[in-house]
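> By UniProt numbering, the letter at position 241 of the sequence shown is numbered 241, and the numbering carries on one by one without gaps.
None of these hints come from the bench; they were simulated from the model. Keep in mind that the hints are not guaranteed to be accurate.
Unchecked claim - List of simulated lysine to aspartate or glutamate pairs, EDC-like, C-alpha gap at most 20 Å: (1) 427 <-> 245; (2) 427 <-> 475; (3) 427 <-> 93; (4) 427 <-> 88.
These figures come from a predicted structure and were not determined experimentally.
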Amino acid sequence: MNSDIASIPQAYRALAGLRRWGRFLVTLLAGASLTLSQQPWGFWPALLFGIPVIVWMWWARPGLKQAAFTGWTAGFGMLIFGLYWIAEAFLVDIARHGWMIPFVIGGLAAGLSLFWGAAFALARWIAPRPGVISVIVLALSVTAFEMARTYVLTGFPWGMIAYGWMDTPVAQLTAYVGPHMLNLVTLLIGGLLACNGRSGWPTIAAGTALLASWQIGATRLEQEVIPRPDGYTVRLVQPNAPQREKWLTDRIPVFYDRALAFTAGGDYDAVVWPETSVPQRIETPAVQIADRIYSWMDISRAAGGRPALIGTRSTEPEPDWINWYNALAVVGQDGAILASYAKHSLVPGGEFLPFDRTMSRLGLRSVASGTSGGFVPGPGPATIQIDGMPRVQPLICYEAIFPHELRTDGPRPEWIVQITNDAWFGKSSGPWQHLAQARYRAIEQGLPLARAANTGISAFVDPYGRLMQTLAIGEAGFLDGVLPTPIAAPLYARSGDLPGLVLLLAALSGFAASGRRRRA
1 MNSDIASIPQ AYRALAGLRR WGRFLVTLLA GASLTLSQQP WGFWPALLFG IPVIVWMWWA
61 RPGLKQAAFT GWTAGFGMLI FGLYWIAEAF LVDIARHGWM IPFVIGGLAA GLSLFWGAAF
121 ALARWIAPRP GVISVIVLAL SVTAFEMART YVLTGFPWGM IAYGWMDTPV AQLTAYVGPH
181 MLNLVTLLIG GLLACNGRSG WPTIAAGTAL LASWQIGATR LEQEVIPRPD GYTVRLVQPN
241 APQREKWLTD RIPVFYDRAL AFTAGGDYDA VVWPETSVPQ RIETPAVQIA DRIYSWMDIS
301 RAAGGRPALI GTRSTEPEPD WINWYNALAV VGQDGAILAS YAKHSLVPGG EFLPFDRTMS
361 RLGLRSVASG TSGGFVPGPG PATIQIDGMP RVQPLICYEA IFPHELRTDG PRPEWIVQIT
421 NDAWFGKSSG PWQHLAQARY RAIEQGLPLA RAANTGISAF VDPYGRLMQT LAIGEAGFLD
481 GVLPTPIAAP LYARSGDLPG LVLLLAALSG FAASGRRRRA
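Build out the structure end to end from the sequences listed, making use of the hints.
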C-alpha cells in the first residue's frame with residue numbers, strides 16, 4: 001500500500017509481513033493488552049502500546065472486509081479478556097447456568113466487537129491510505145461507534161478505553177468532555193504514535209497531547225475538597241453475604257442481623273444498605289421466612305429513626321402478571337417508606353429476558369432477578385429529596401456504567417448513592433471495574449459518591465473521583481464518612497454527549513466529502 005507518511009515504521013513492516021494467522025494473533029493480543037489499563041491493574045501505558053499495534057495491523061490489510069475483520073478481532077481481544085468476570089455469575093448456580101458461560105461470554109464479546117468492525121471499515125472507506133489522516137478518521141469512527149455501543153439495544157459500554165486512565169490526572173478530562181471524547185483523545189494519542197517514520201512530528205504531537213491532558217487534570221486535582229458545613233455523615237453497610245448463601249433460609253437471618261448490628265449506634269445522619277439486602281418488599285411492612293419475621297421496623301429501630309436507604313424489591317400486580325422492580329427504599333421513623341426509586345437500566349439476561357412472559361412459561365428466567373419473569377424497568381433517573389437529607393441521585397448497580405443516566409430534571413443532586421451486589425462476580429476484576437466507572441460518574445458530575453456493595457467494594461468518593469475510604473472485597477463492616485460539598489457542575493454535566501456527537505458526525509462527514517473529491 002502507498003503511504004502518506006514520511007516513512008513506514010520498521011515495526012509496521014515486520015507485522016505486515018506476517019501470515020494470516022500471525023496477523024490475527026497479533027491483532028487479538030494487541031486488543032487484549034488494552035485490558036491491562038483497566039482496573040484493578042491500571043497499567044495505562046498498555047494504551048500506548050496496544051493502539052499503535054492495532055493501527056499497524058489495520059494498515060496491513062487492504063480492503064473493507066479486511067479492515068472490518070481487523071477491527072472486529074481487536075475488539076474481540078479487548079472484550080473477551082475484559083469481560084471474563086461475567087462467568088462468575090453463572091458459577092453461582094453452576095448446575096442451572098454453567099453451560100451458558102462460553103455462549104454468553106463469547107457471544108457477548110463477538111457481538112459487541114461488531115461495533116469495532118464497523119468503525120474500522122468506515123474509516124478504511126473514508127481514508128484508505130495509511131498515515132496521519134487515516135489515524136484521525138479511525139479515532140473519530142471508533143469513538144462514534146463506541147458511543148453507539150452505549151445506547152444501542154439498551155447499551156453496554158463496559159470497558160471503554162477512556163477508563164484506562166483511572167487514577168491518573170488524565171481521567172479529569174471527563175469533567176469537561178465526557179468519557180466518549182476522552183476515548184477520542186486516547187485513540188488520537190495512540191494512533192499518532194503509529195505514524196512515527198522518518199518524521200518525528202506525530203510522536204511529538206502525541207507526547208504534547210498527553211502532557212497537556214496530564215497537566216490539565218493535575219491542575220484540577222489541586223482544588224481543595226471541602227466537607228459539608230453541616231457535617232452530614234453517611235454510614236455504608238457491607239454485610240458480605242456470598243451469593244451462594246445469601247438467600248438460603250438458614251443464612252438470611254445471619255446476614256440480616258449482621259447488617260442491623262452495623263446499623264445500630266454511632267453518630268451518623270443516614271445509613272445505606274446494598275442492593276437487594278432484605279427479603280421484605282416495599283409494599284410489605286413485614287415478611288415471615290421460616291420462624292423469623294423481617295420488617296421495616298427492624299431497620300428503623302436499628303437506625304434510630306434516621307433515614308435508611310435500603311436495597312430491596314417492589315411489585316406491581318396486573319390481572320395475570322406481577323411486575324417486579326429492583327428498588328431502593330428510604331425508610332424513616334416507625335418503618336415508614338419516605339421515598340423509593342426503581343432501577344430503570346436492567347442487565348440483559350441477568351435481570352430480564354426479551355419476551356419475558358413467554359420465556360417464563362417455557363421455564364426460562366433471568367440469572368439474577370430471582371423472579372419468574374425477571375424485573376421490569378422503572379420510570380427513569382430521579383432525585384430523591386426528603387426533609388433533613390441532602391438531595392441524592394440513586395444508582396442501582398449496573399446504572400453506574402451509563403454516563404448519560406445521571407442527567408435529571410429539577411434541582412441538581414448534592415450527592416450520588418450507588419447500591420450494588422457485586423457478590424455475583426467474586427474477587428474477579430468485575431467489582432474493581434464497576435467501582436472505577438462509578439468514580440468516573442463522580443468526576444463528570446462534580447458530586448461526591450457513597451457506594452454500598454454487599455461483598456465490596458464499598459467506598460466514599462470525592463467529586464474528583466478520588467477514593468476517600470474503602471471496604472475491601474470479602475470484608476464485613478461499615479464506613480462512616482462526612483459528605484464533601486459538591487463542586488460547580490462541570491461542563492460535561494451541563495452539556496452531555498450531544499456536542500461530542502455533533503463534532504464526530506461533522507468531522508467524519510467532512511473527511512468523507514474530502515476523500516470523495518480526492519478520488520474523483
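> So, for every hint listed, does it hold in this structure?
Hint check:
| no. | hint | in the structure |
| --- | --- | --- |
| 1 | 427 <-> 245 | holds (16 Å) |
| 2 | 427 <-> 475 | holds (11 Å) |
| 3 | 427 <-> 93 | holds (17 Å) |
| 4 | 427 <-> 88 | holds (9 Å) |
Against the hints set out earlier in the document, no violation occurs for any number.
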